[in-house]
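J.: Sequence:
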Amino acid sequence: MAVAKRWLGGCLVWLCVCFAGTASAEWVQGTGQAVIVGDDIQAARDDARTSALRDAALQYEATINSQDTMENGVLTDSRLTVASRARAKQVRILEEQRRGNILRLTIEADMSVAQHCEARDAARMRKRVAITGFPVLHPEQTSVGEIGDAGEVLPEKLRQRVVADGGMEVLSASRLQMFPEPLNAPTSQRFDNSLTNIIELARELDAQFVVTGVIRDLSLSDPRAWGTSVTDRMKRSMGMTNRNREFVADLMVYDGFSGSPVYRQRFTATGEWDVDSTEVTGFGSAAFRQSGYGQAVGEALDKMGQAIQSAIACQPFITRITRVDGQAVYLASGATSGLRPGDELQLYRSFRFFDAPDATPELRDAKATMTVNNVHPDFSNGLIMTEGGQLNLQRDDIAIRW
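The sequence shown begins at 162 in the numbering used here and counts up by one.
Take these hints with a grain of salt, some might be off.
The calculated DMTMM-like cross-link candidates involving lysine to aspartate or glutamate, where the alpha carbons are at most 20 Å apart (straight line), are [stated by the list, open to error]:
{"no.": "1", "residue 1": "Lys-464", "residue 2": "Glu-269"}
{"no.": "2", "residue 1": "Lys-464", "residue 2": "Asp-207"}
{"no.": "3", "residue 1": "Lys-396", "residue 2": "Asp-435"}
{"no.": "4", "residue 1": "Lys-396", "residue 2": "Asp-383"}
{"no.": "5", "residue 1": "Lys-396", "residue 2": "Asp-378"}
{"no.": "6", "residue 1": "Lys-396", "residue 2": "Asp-367"}
{"no.": "7", "residue 1": "Lys-396", "residue 2": "Asp-437"}
{"no.": "8", "residue 1": "Lys-464", "residue 2": "Asp-378"}
{"no.": "9", "residue 1": "Lys-528", "residue 2": "Glu-548"}
{"no.": "10", "residue 1": "Lys-464", "residue 2": "Asp-271"}
{"no.": "11", "residue 1": "Lys-464", "residue 2": "Glu-407"}
{"no.": "12", "residue 1": "Lys-528", "residue 2": "Asp-486"}
{"no.": "13", "residue 1": "Lys-464", "residue 2": "Glu-317"}
{"no.": "14", "residue 1": "Lys-464", "residue 2": "Glu-313"}
{"no.": "15", "residue 1": "Lys-464", "residue 2": "Glu-548"}
{"no.": "16", "residue 1": "Lys-528", "residue 2": "Glu-505"}
{"no.": "17", "residue 1": "Lys-528", "residue 2": "Asp-557"}
Cβ-Cβ distance ranges computed for the label pairs, FRET-style [what the hints assert, rightly or not]:
{"no.": "18", "residue 1": "Asn-262", "residue 2": "Gly-388", "range": "39 to 45 Å"}
{"no.": "19", "residue 1": "Arg-501", "residue 2": "Gln-220", "range": "26 to 32 Å"}
{"no.": "20", "residue 1": "Arg-556", "residue 2": "Arg-253", "range": "52 to 58 Å"}
{"no.": "21", "residue 1": "Arg-513", "residue 2": "Thr-192", "range": "50 to 56 Å"}
{"no.": "22", "residue 1": "Asp-526", "residue 2": "Glu-256", "range": "39 to 45 Å"}
{"no.": "23", "residue 1": "Gln-220", "residue 2": "Gln-488", "range": "44 to 50 Å"}
{"no.": "24", "residue 1": "Pro-341", "residue 2": "Asp-310", "range": "17 to 23 Å"}
{"no.": "25", "residue 1": "Ser-382", "residue 2": "Val-196", "range": "36 to 42 Å"}
{"no.": "26", "residue 1": "Arg-260", "residue 2": "Arg-501", "range": "40 to 46 Å"}
{"no.": "27", "residue 1": "Gln-203", "residue 2": "Arg-513", "range": "49 to 55 Å"}
{"no.": "28", "residue 1": "Asn-262", "residue 2": "His-537", "range": "26 to 32 Å"}
{"no.": "29", "residue 1": "Asp-526", "residue 2": "Glu-365", "range": "24 to 30 Å"}
{"no.": "30", "residue 1": "Gln-220", "residue 2": "Ala-496", "range": "37 to 43 Å"}
The hints are simulated quantities; they were obtained by calculation from the structure and are not laboratory data.
Just so it is clear, CB atoms sit at the ideal spot from N, CA and C, and this is done for glycine as well.
Please work from the sequences and hints to get the whole structure.
T.: Here it is in structure tokens:
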């Protein structure tokens, strides 16, 4: 992996050189099925569509990795992993069949290999990501349809999309909001590192990245189209009114160790709000998803989920040191993060200056590498070549796998 490291404002900055392969595209068919629960056909359709897209992606470009672990000449563990980096640029539904409570969907997708980076060893690691709530800038815009739950439902929908990819550990923190005053949340201006609550949340959840954002617009394009007069109702029934609704949301990804921004983008969508103005739908309900507006928002959420994956994919894997005992070093990550016996990680000291205790922590290379020996689901440990005390390694220092 082409990685350059430099010091800037007390933060370790990593630059990963990404490249796009030959822009090839091909229509590939995929089939998926899902169980219909509680007669919620739309939810089953969404699940079947995700399964069909996964099937198409694996047909187009699949990578198979296998690893065998030997101890004293005896095979103790054997793993086979199948994955794909392909992404659908366009999707067509060819056939939908329902048999009992099983919904089967056949799609045709225009596939292409997604941009990827030479991430070397870090590519197979499952980085831990916390997705927080998205405050609504104008709550009064949610009254039509009673979609005031958007701030909690949207991050949950994002979590489901990122989890489906399988490349990250995703933690739900949708009830927590990083911006008590959404109006002052970072938008187009240059980011600063003043959001210390990002670091606090990441430390509490042991997350490497924190995903957050702000919902800036849920307004009706023409509120007059929803008038209650006889004339207004006639115009609506004849399709003579603008019934579109807007969706604007800012997505932000932060590094949890420094509070520094990794990614920021604004996503927009417009769709027809073809739901009765008096109906209580909620954000993300079956009625919401079936509306033209809900489908437009769903496409925007797909793009947001892909953006999160792309922003994090080329970043190194970082975890905290929880204990140092002689030559033994204990880490806050284990098998669920992809760590395996024999993995090597570089160690870094983390500290702050006494005259700036709230500043971003500075990272300094400890000039030491640890080798992982024992791996458990949520933690692991290994050895370094010298005593940890000689390197002044302590709890909350970090280990990095590039």
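J.: When the structure is checked against the list of hints, which entries are broken? Sort them ascending.
T.: 5, 6, 15, 22, 28, 30
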